[in-house]
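Residue-level listing of the chains:
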Amino acid sequence: NAGVTQTPKFQVLKTGQSMTLQCAQDMNHNSMYWYRQDPGMGLRLIYYSASEGTTDKGEVPNGYNVSRLNKREFSLRLESAAPSQTSVYFCASSATGEVQFFGPGTRLTVL
Amino acid sequence: GDSVTQMEGPVTLSEEAFLTINCTYTATGYPSLFWYVQYPGEGLQLLLKATKADDKGSNKGFEATYRKETTSFHLEKGSVQVSDSAVYFCALTRSGSARQLTFGSGTQLTVLP
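Protein chains in written order, with my numbering: chain Y, 1 to 111; chain H, 112 to 224.
Rather than coming from a laboratory, the hints here were simulated on the basis of the structure. Keep in mind the model is a prediction, meaning the values are calculated, not measured. Every residue, glycine too, gets a C-beta built ideally from N, C-alpha and C. Don't take each hint at face value.
As the list claims (entries may be wrong) - Taking CB as the label site, the calculated pair distances span: (1) Y:THR86 / H:LEU124: 50 to 60 Å; (2) H:THR123 / Y:MET41: 34 to 44 Å; (3) H:ASP165 / Y:THR15: 49 to 59 Å; (4) H:ASP165 / Y:ASP38: 33 to 43 Å.
To be verified - Partial selection, computed: residues in chain H whose CB lies under 7 Å from chain Y: (5) GLY189; (6) VAL193; (7) GLN211.
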């Protein structure tokens, strides 16, 4: 039982490059989330998926897109990376929405 | 909108000292309240929660009581250990289709031996 897994763990991009962050959970949870963590700002919600087939914007969606590929997988795409997107990205999943289980994070640097 | 305000850190304590990390919130209705902990290099994990007024959440010697009258959910531990060194996040969620979490900014705790 791996819980929530994320790939890659680290990534360096140049401005304008694109990439996809992958997330998978094996807990059969309906809801999945993408957050970014910046110093002194806690975690901010980028996008979430309440159930398979649905996605909704969170607090800071600009510059990102998501895909809920199936019940297990929820990916986050940066189409044209910007230095302001340098951050640590966390994926989470939840059965009820109240208790969320987090992955280990992806540390992204955009030069 | 909803918001969570946490005591600013960093906080440095000696082993066996008493810990309090303050957390207050602004929300309409009756949110559920949480403390999450992030150990170095890891993702967040739930430490404790409370879902209604006057509930006390507890885990691993940590406690927090849901105080509606003061809109607070302060985290306490009577005797901290070096292994408690981490970042602590207060959070809330309200009912809805996906129950989004709103986080405070986090408090870095360092416990010295």
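Each hint tested on the structure:
no.	hint	verdict
1	Y:THR86 / H:LEU124: 50 to 60 Å	violated (32 Å)
2	H:THR123 / Y:MET41: 34 to 44 Å	violated (22 Å)
3	H:ASP165 / Y:THR15: 49 to 59 Å	holds (51 Å)
4	H:ASP165 / Y:ASP38: 33 to 43 Å	holds (34 Å)
5	GLY189	violated (25 Å)
6	VAL193	violated (22 Å)
7	GLN211	holds (6 Å)
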